[in-house]
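Colleague: Each chain is listed here by its residues.
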Amino acid sequence: MNQEQKNVTSSDEPEASVPQVHGRFQVLALRGRLDAAAAQAIQKQCSALRLDGVKHVALELSKVTFVSSSGLGVFLALTEEFKEANGSFHLVAPSNTVAAVIKLLNLHRFLSIELSLDHLARS
Amino acid sequence: MLTSRTETGKKPPSEAKKKSPAENMFRAPGERQRHSLYSFFELSKELDASLDVYGFADRALFNFMGNLGTPRAVLWLLPRGLDEPPVLIRAFGVMEVTASAIGQACIEPLVGRFSRKERIVLSSDIEQILDAKTQQHILDSKLNLFAPLLAPGALIGMVALGRKVGGETYDPFELEVFQASLDLLAVAIVNADLFEALQENNRKLHNANERLHELDRLKTEFVNNMHHELRTPLTVMHSYVDSLLEEVPEGTQEHEHLEVVMAQTNKLKKMVLDLLDFSGLNVNKIGVELASVDIGQLVQWYYEARRRGVALDLRELRLEVEPSLPKVLCDPKRVEQILETLVDNAVKFTSQGTHVDLVARTVSGGVCIDVRDNGKGIPAEQLHTLFEPFRQVDGSKTRATGGLGLGLPLARQLAEAMRGRLEVESTVGVGTTFTLTLPQAQR
Chain A
1 MNQEQKNVTS SDEPEASVPQ VHGRFQVLAL RGRLDAAAAQ AIQKQCSALR LDGVKHVALE
61 LSKVTFVSSS GLGVFLALTE EFKEANGSFH LVAPSNTVAA VIKLLNLHRF LSIELSLDHL
121 ARS
Chain B
1001 MLTSRTETGK KPPSEAKKKS PAENMFRAPG ERQRHSLYSF FELSKELDAS LDVYGFADRA
1061 LFNFMGNLGT PRAVLWLLPR GLDEPPVLIR AFGVMEVTAS AIGQACIEPL VGRFSRKERI
1121 VLSSDIEQIL DAKTQQHILD SKLNLFAPLL APGALIGMVA LGRKVGGETY DPFELEVFQA
1181 SLDLLAVAIV NADLFEALQE NNRKLHNANE RLHELDRLKT EFVNNMHHEL RTPLTVMHSY
1241 VDSLLEEVPE GTQEHEHLEV VMAQTNKLKK MVLDLLDFSG LNVNKIGVEL ASVDIGQLVQ
1301 WYYEARRRGV ALDLRELRLE VEPSLPKVLC DPKRVEQILE TLVDNAVKFT SQGTHVDLVA
1361 RTVSGGVCID VRDNGKGIPA EQLHTLFEPF RQVDGSKTRA TGGLGLGLPL ARQLAEAMRG
1421 RLEVESTVGV GTTFTLTLPQ AQR
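For the protein sequence lines, the chains are A and B, in the order given. If you count by this note's numbering, then the first sequence holds residues 1 to 123, one letter each, in order. If you count by this note's numbering, then the second sequence holds residues 1001 to 1443, one letter each, in order.
Fair warning: there could be bad hints in the mix.
[As the list claims (entries may be wrong)] If you only want the chain B side, here are some residues facing chain A, beta carbon under 7 Å, derived:
no. : residue
1   : Gln1033
2   : Asp1048
3   : Asp1058
4   : Arg1059
5   : Asn1063
6   : Met1065
7   : Asn1067
8   : Gly1093
9   : Glu1096
10  : Val1165
11  : Gly1167
12  : Tyr1170
[Stated by the list, open to error] Label pairs and their computed distance ranges (CB to CB):
no. : chain 1 : residue 1 : chain 2 : residue 2 : range
13  : B       : Glu1423   : A       : His119    : 31 to 39 Å
14  : A       : Ala85     : B       : Gln1136   : 16 to 24 Å
15  : B       : Arg1034   : A       : Thr65     : 34 to 42 Å
16  : B       : Glu1423   : A       : His108    : 48 to 56 Å
17  : B       : Arg1113   : A       : Arg122    : 36 to 44 Å
18  : B       : Asp1216   : A       : Ala85     : 52 to 60 Å
Since the hints were derived computationally from the structure, they do not count as laboratory data. None of these values were measured; they are calculated from a predicted model. Beta carbons: idealized from backbone N, C-alpha and C, even for Gly.
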């Protein structure tokens, strides 16, 4: 990973990438634990993208090992925020852990979840 | 959990006792309920002392939203009880202006219910007594319920949540955990306030001392100047009168008059010497020690030192530092002194719930540090008086140097002593920006 990239920190594995363009989407790949600190940082980063005029953002979650309630709260907040800005917010390729929690809380009905970046591009 | 069973498979009557809500909480069998409890424990770890009230709000609201499955959450605080309207701290999924209006309109009907020990009030319960505009706000915001933030003996704020995703209702267990989480948040806020108040008082005391020293130095400089300015003409007067006394014959009226003039001249000389003795003989100019400084790091450090104190005043201090700022030539202590004056003024002259932005950016030949507020602004015709000593734009509020109006004039002098500039721009109704410009350090 490019050392000059901005980091989104979580409590033990501070890793997030610079947004990559994938069709009309800006995709942020996350990894590690999505705890409260990381969740806040992601919210700020995605809100900043929206303020910069980016309409469609996705988080790639295949390497996320844990998501806290705060992480889920941020997913919900960003979904609403981008919807109100006539854009969209998506979760892509959630890991098994993330998918299980989302399903447990019935949030899959509200969140936009795609199985892969290809599915995202076709959506 | 093993229980004895009768032949029919039913539990004996003695084991079929009713569980209390608390017991239910800690023996929650379902996965969903276990997750809810885990969220509560997460929150207790996340509300640590390093946060300010905005940090608490972010963490708590995201926790509630994620645990309960709602995309909307708002937090207001009541810093002065019910004497003033609630201050909006954070709103997710609801526009800030709408959330602010709802807080102000709904606080009265809600306080009545909170004081009757209702911990959850649905928006539908109070809709009928709200005016049409507020009813529309609530409809637009899609906020569904309100809950109080209670610290011992006081209502310190409130939280509102939207409906659950998919329109489901909140179940009683979820609401119990939510209320317990609110209690946790209230205690954390009160504790943080007390700790920060102590730190803030210490900081203010330290700054007041520094300013007293500065005022003392200014006074000394003034007196030294006066001593020099008065002594020169007095010396001239004395020598001419002395010369005339030798020429004018003794015993004449002119000699008598000259003796009177000489006596008064000597009296004035003594008064000037006494004045100098009183002030002490310290001849100091405004001293700056210039060095090549990583200004980005300095501003970052200053932001970390100030932000929680500013949050205590319910304004948010925000930081924006351009990456790769060049080093500047300055005196770091004097830069800190200038920023202190500017941030203090921004806090004093804005309302609660507003923000103060600290921005460091590269310009041609150096770096600019902006201190921007979104307060009421300063009329154009008053801008030029800001940097005049002893003048105040708004005499009803005290300035950074205890009401003497020396903060900004001194800050500008310090900036110029460092070969920089301090300027101001303001728009009434929008806000004010002070800009400190410092020269780039030569390589």
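Colleague: For each hint, tell me whether it holds in the structure or not.
Modeller: Cross-check of the supplied hints:
1. Gln1033: B:Gln1033 check fails; min Cβ-Cβ to chain A is 11 Å, beyond 7 Å.
2. Asp1048: With a minimum Cβ separation of about 10 Å from chain A (threshold 7 Å), the hint on B:Asp1048 is violated.
3. Asp1058: Given a least distance of 5 Å, the restraint on B:Asp1058 holds.
4. Arg1059: 5 Å, holds
5. Asn1063: Where the cut-off is 7 Å and the nearest Cβ of chain A is about 5 Å from B:Asn1063, the hint holds.
6. Met1065: It holds, given that the least Cβ distance between B:Met1065 and chain A is near 3 Å, below 7 Å.
7. Asn1067: Given a least distance of 4 Å, the restraint on B:Asn1067 holds.
8. Gly1093: 4 Å, holds
9. Glu1096: Constraint on B:Glu1096 not satisfied, violated at 12 Å.
10. Val1165: 4 Å, holds
11. Gly1167: Check failed: Cβ of B:Gly1167 comes no nearer than 10 Å to chain A, outside 7 Å.
12. Tyr1170: 13 Å, violated
13. B:Glu1423 to A:His119: 31 to 39 Å: 54 Å, violated
14. A:Ala85 to B:Gln1136: 16 to 24 Å: 22 Å, holds
15. B:Arg1034 to A:Thr65: 34 to 42 Å: Given range 34 to 42 Å: violated, Cβ gap about 19 Å.
16. B:Glu1423 to A:His108: 48 to 56 Å: Holds, at about 54 Å.
17. B:Arg1113 to A:Arg122: 36 to 44 Å: With Cβ atoms ~50 Å apart, the hint is violated.
18. B:Asp1216 to A:Ala85: 52 to 60 Å: For A:Ala85 against B:Asp1216, whose Cβ atoms are near 55 Å apart, the range 52 to 60 Å holds.
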